[in-house]
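> Working from the sequences, and respecting the hints, build out all of it.
One letter stands for each residue in the lines below.
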Amino acid sequence: MIRESQRFEPFTDEPISVINDAGDWIAEFELDLDQGTLQRFYRDMLRARIADERFGRLQRQGRISFVAPSAGHEAAQVGVAHAINAGKDWVYPYYRDMGLCLALGIPLVELVGQSIASLADPAKGRQMPYHAGSVQLNTFTMASPIASHIPPATGTAISQKIEGKGEITVCTFGDGATSEGDWHAGVNFAGAQGAPAVFVCQNNGYAISVDLKRQTGSDTIHQKAHAYGMPGYYVDGMDVLASYYVMQEAAARAREGVGPALVELLVYRYGGHSSADDDSRYRPREEVALWRGRDPLARYRRFLEKRGLWDEATEEAARAEYDAEFTAAVKVAEDAGLPPLSMMFDDVFAEMPERLRKQRDDVLGGEA
Amino acid sequence: MVQAVARTLDQEMARDKRVVVMGEDVGKRGGVFLATDKLFDKYGPDRVIDSPLSEAAIIGAALGMAVHGHRPVAEIQFADYVFPGFDQLVSQVAKLRYRSGGQFTAPMVVRMPTAGGVKGGHHHSQSPEAYFVHTPGLKVVVPSTPSDTQGLLRSAIRDDDPVVFMEPKRLYRAIKEPISEDPEYMLPIGKAATRREGDDVVLVSYGGSMAETLRAADALVEQGLSPHVIDLRSLAPWDEEAVLSAVARVGRVVLVSEAPHTASFMSEVSATIGEQVLDALLAPPARVSGFDTPYPYSHDRDYLPGPNRILRAVQRVLDY
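Going down the list, the protein sequences come from chains A and B. Quick note on the numbering used here: the first sequence kicks off at 8 and runs consecutively. Quick note on the numbering used here: the second sequence kicks off at 9 and runs consecutively.
One thing to keep in mind: the hints can contain errors.
Just the calculated beta-carbon pair ranges, DEER-fashion [stated by the list, open to error]:
{"#": "1", "chain 1": "A", "residue 1": "360", "chain 2": "B", "residue 2": "193", "range": "39 to 49 Å"}
{"#": "2", "chain 1": "B", "residue 1": "127", "chain 2": "A", "residue 2": "371", "range": "51 to 61 Å"}
{"#": "3", "chain 1": "A", "residue 1": "69", "chain 2": "B", "residue 2": "193", "range": "35 to 45 Å"}
Pairs of lysine-lysine, DSS-like flavour, derived with a Cα cap of 27 Å [unchecked claim]:
{"#": "4", "chain 1": "B", "residue 1": "36", "chain 2": "B", "residue 2": "25"}
{"#": "5", "chain 1": "A", "residue 1": "365", "chain 2": "B", "residue 2": "199"}
{"#": "6", "chain 1": "B", "residue 1": "184", "chain 2": "A", "residue 2": "172"}
{"#": "7", "chain 1": "A", "residue 1": "95", "chain 2": "B", "residue 2": "127"}
{"#": "8", "chain 1": "B", "residue 1": "199", "chain 2": "B", "residue 2": "184"}
{"#": "9", "chain 1": "B", "residue 1": "50", "chain 2": "A", "residue 2": "172"}
{"#": "10", "chain 1": "B", "residue 1": "25", "chain 2": "B", "residue 2": "46"}
Computed far set for chain A versus chain B, every beta-carbon distance over 10 Å [unchecked claim]:
{"#": "11", "residue": "50"}
{"#": "12", "residue": "160"}
{"#": "13", "residue": "165"}
{"#": "14", "residue": "263"}
{"#": "15", "residue": "288"}
{"#": "16", "residue": "342"}
{"#": "17", "residue": "354"}
{"#": "18", "residue": "362"}
Source of the hints: derived by calculation from the structure; they are not laboratory data. Remember, it's a predicted structure, so these values are computed and weren't measured experimentally. Heads up, the beta-carbon is just placed ideally off N, CA and C, and yes, glycines get one too.
Take a look at the structure:
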C-alpha cells in the first residue's frame with residue numbers, strides 16, 4: 008500500500024532539497040523547527056565531524072586499529088537521528104554511522120571505549136572499532152557482514168507491529184548493501200508484512216572502490232522500492248533538513264501502520280572506505296574536491312548565519328568544546344582499563360558450557 | 009514424532025504469548041510435515057507467520073523478533089535449505105550475545121527436518137549438524153524419539169540462547185510411543201540417554217541413525233553379547249561424561265552417524281575419546297558414517313549406516 012505523501016512525493020526525478028547551496032530555504036512548506044533545534048542539528052553535525060577527525064588521529068597514532076570515516080555523511084545521519092524517537096524506536100545502523108550514534112545520544116565515552124576496546128565499552132571490547140551498539144538506545148550492535156542486519160531489522164519491525172505500540176525500526180546501510188541477497192530478503196519481508204520499518208540508504212556512490220554503475224543496473228537506489236510495494240524517497244543527503252523532514256514523514260507513515268519505506272540519502276564520503284583504504288586509486292581528486300565544495304556543514308552553516316543563528320565566535324567555541332570533550336572521553340575510556348583475559352570466555356551463552364570452562368581454566372591457570 | 013512437535017508448540021504458545029512460529033507454509037498448510045498443524049486456526053496470523061520463501065528472511069527476522077522480546081520458533085522446511093540463512097545463523101544469531109557483551113540476546117529456536125532415508129535425493133537428505141556445532145554460540149539438538157522431542161523442544165523454546173533443533177524426518181512417523189501431557193515436561197539440553205546398559209561394546213549415535221544402531225544392538229544381544237547404547241540427543245553441548253565413562257569402563261566403542269565421514273560430529277567424539285581415555289581403550293574407536301559423497305538418490309538406504317555395517321564395525325573392534 009503506497010499512501011499519498013503529506014509533503015513529499017516518492018519516486019521524484021531529482022533529489023529532494025529544502026536548502027540550496029547558498030543556504031536559502033527553498034521548500035514550499037513552512038519551516039516549523041525552533042531555533043534551538045536548528046542549532047542542535049548543526050552542533051550534532053560539527054560534533055560528528057570533529058569525532059571523525061579525532062578518531063582518525065587515534066588510528067594514525069596506533070591507538071585504534073581501524074576507522075570508517077563518516078565525514079560527508081553528517082547531514083544524513085543527524086537528520087535520521089532526529090526523526091527517530093530515540094530510546095523507544097529501534098535502530099539497526101552500519102559501521103559508517105558514527106554521526107548517527109552520537110546524535111542518537113550514545114555517550115562519546117562508550118563509542119571511544121568501543122573503538123579502543125576498553126572496559127568503557129558496554130560490549131566488553133569484543134568487536135573491532137566502529138562497531139558500536141547500545142541497549143539503552145535500542146541500537147542494535149553493528150556487524151561487519153554487509154546487509155546481514157536487514158532481516159533482523161525487519162523482524163524487530165514485525166514484532167513492533169504485533170505489539171502495536173507505535174514503535175518503528177530504522178535500518179541504515181550503504182549503496183553496496185543493496186546488492187546483497189539479505190537486503191532483498193529483509194526488505195521484501197517487510198513489504199509483505201507491512202512492517203513499520205524505514206530502510207535508509209546512505210548512497211555515497213562507492214562500495215569501497217566499486218561505483219554505483221557497476222553495483223547495479225538501476226539508475227538510483229530508491230526506485231527499487233517500487234518492487235517491494237513501498238514508497239522510495241530520493242533525497243539530497245547533504246541537506247540536513249531535507250534528510251530530517253523526509254525521514255520524519257517516512258517514520259510517521261510507518262508509525263501510523265501504513266507500512267515501510269525506502270529512503271535514499273545522496274551523500275559523499277570525504278575519506279577512504281576505511282583507514283585501510285587508498286581511495287586515490289579509484290576516485291579522481293577533482294571529484295573529491297568538487298564534493299568538498301558542497302560540504303553539508305558549510306551549507307547548513309550559511310543557512311543558520313542568514314538567520315542570525317550562528318557566527319564565527321559560536322563556531323570556534325563549539326569546536327573547542329567538542330575537541331575538549333573528545334580529549335576527555337579518550338582519557339576516561341583509556342583509564343577504564345582493558346578487559347581481563349577471563350572476560351574473553353564470557354557471554355558465548357547465558358551459562359558457560361563445561362568444555363569452555365575447562366578451556367578458560369586452562370588458560371588462566373597456566374602461562375600464556 | 010511430528011505430532012510431538014506440534015503438541016509441544018501448541019502447549020508453549022498457550023503458555024507464553026511471546027512464543028511465535030514462523031516459516032514457509034507454517035500457517036494454513038500447517039507445515040509440509042504438519043509440524044505446525046492447527047496452530048494457525050488457534051493462534052492467528054500474528055503468532056503463526058507465513059514467511060516469504062527466504063531462509064535468510066526467516067532466520068534473520070526471527071532474530072529481530074527475539075531481540076525485541078518475542079520467542080520465535082522458526083521452521084526451515086528442510087535442513088538442506090538452511091544455507092541461504094547460514095550467514096544469519098553464523099554471523100548474527102550465534103554471535104549476538106558475545107559481540108554485544110550480553111546487551112542483546114537471541115532466545116530463539118530454528119527447527120529443521122534433517123537427514124535421509126526418505127528418497128529425497130541430496131537436497132532433502134543431508135545431515136549438516138557439524139556446521140552448526142562448529143559455531144560457538146549455537147546449541148544443537150537432534151532427538152530420536154517423540155518423548156525426547158517433546159522434552160527437548162520445550163527446553164529449547166525456554167532457553168535464553170539460540171537452539172538449532174534438528175528433527176530426523178524419517179522418524180517423523182516411524183515411532184509411536186505415548187507422549188507426556190504434562191505441559192512442563194522438559195529434558196535438559198546436553199544430557200545423553202542410555203538406551204541399553206552393557207559391557208562388551210559401547211555404541212554411540214544420535215538422531216536418525218539411532219534406529220539402525222538399536223537394531224544392530226538387538227542383533228548383538230541375539231548373538232549373546234552385551235552392547236551399551238548411548239543416544240547423544242544434544243551435540244552442542246554434548247554429554248562427554250556419559251560417553252567417556254562408558255568407554256573407559258568397556259574399552260571398545262563404535263560411533264554411528266549418517267553425516268559424511270570426514271570432519272563429522274563423531275570425529276570430535278572420537279578425538280575426545282583419544283584425548284581423555286586412551287589408556288582404557290582395548291581397540292581404536294570405530295566410526296560408521298555416511299560416505300564422503302553428496303547424498304545419492306539411487307542408493308538412499310545404502311548410503312545410511314545400516315545394521316550390517318554397524319555390526320561389521322563392532323566385529324572389528326571386538327577382534328582387535
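> Hints first: check each against the structure and report whether it holds.
Hints, verified against the model:
The hinted window of 39 to 49 Å between residue 360 of chain A and residue 193 of chain B is violated, with their beta carbons roughly 24 Å apart. Separation of residue 127 of chain B from residue 371 of chain A is about 52 Å and conforms to the stated range, judged on CB atoms against 51 to 61 Å. Taken as a hint, the range 35 to 45 Å is violated for the pair residue 69 of chain A and residue 193 of chain B, whose Cβ atoms sit roughly 57 Å apart. Between residue 36 of chain B and residue 25 of chain B the alpha-carbon distance is near 19 Å, which keeps this suggested pair within the 27 Å criterion.
Straight-line distance between C-alpha atoms of residue 365 of chain A and residue 199 of chain B comes to about 18 Å, which keeps the hinted pair within the 27 Å bound. Simply put, residue 184 of chain B and residue 172 of chain A have alpha-carbon atoms about 45 Å apart, too far for the 27 Å limit, and the pair is violated. Between the alpha carbons of residue 95 of chain A and residue 127 of chain B the distance comes to roughly 51 Å, so the proposed pair goes past 27 Å and is violated. Between the alpha carbons of residue 199 of chain B and residue 184 of chain B the distance comes to roughly 23 Å, so the proposed pair stays at or under 27 Å and holds.
Pair hint residue 50 of chain B plus residue 172 of chain A holds up; C-alpha atoms about 24 Å apart against a cutoff of 27 Å. Distance check on the hinted pair: residue 25 of chain B and residue 46 of chain B sit about 16 Å apart at the alpha-carbon level, within 27 Å; holds. Under the 10 Å C-beta cut-off, the non-interface status given to residue 50 of chain A relative to chain B holds; the minimum distance is some 28 Å. Residue placement check: residue 160 of chain A does not keep its beta carbon more than 10 Å from all beta carbons of chain B (closest about 6 Å).
Residue 165 of chain A, annotated as away from the interface, has a beta carbon of chain B within 10 Å; the closest lies near 6 Å. At roughly 18 Å, the least C-beta separation between residue 263 of chain A and chain B is larger than 10 Å, which holds for a residue marked as non-interface. Distance check for residue 288 of chain A against chain B: the nearest CB is about 29 Å away, which clears 10 Å, and the non-interface claim stands. With a closest Cβ-Cβ approach of about 19 Å to chain B, residue 342 of chain A is found to remain outside the 10 Å limit, as its non-interface label requires.
At the 10 Å boundary, the C-beta of residue 354 of chain A falls inside the reach of chain B, the nearest C-beta of that chain being 5 Å off. Not every CB of chain B lies more than 10 Å from the CB of residue 362 of chain A, the least distance being 7 Å, so the non-interface label is violated.
Against the hints set out earlier in the document, violations occur for numbers 1, 3, 6, 7, 12, 13, 17, 18.
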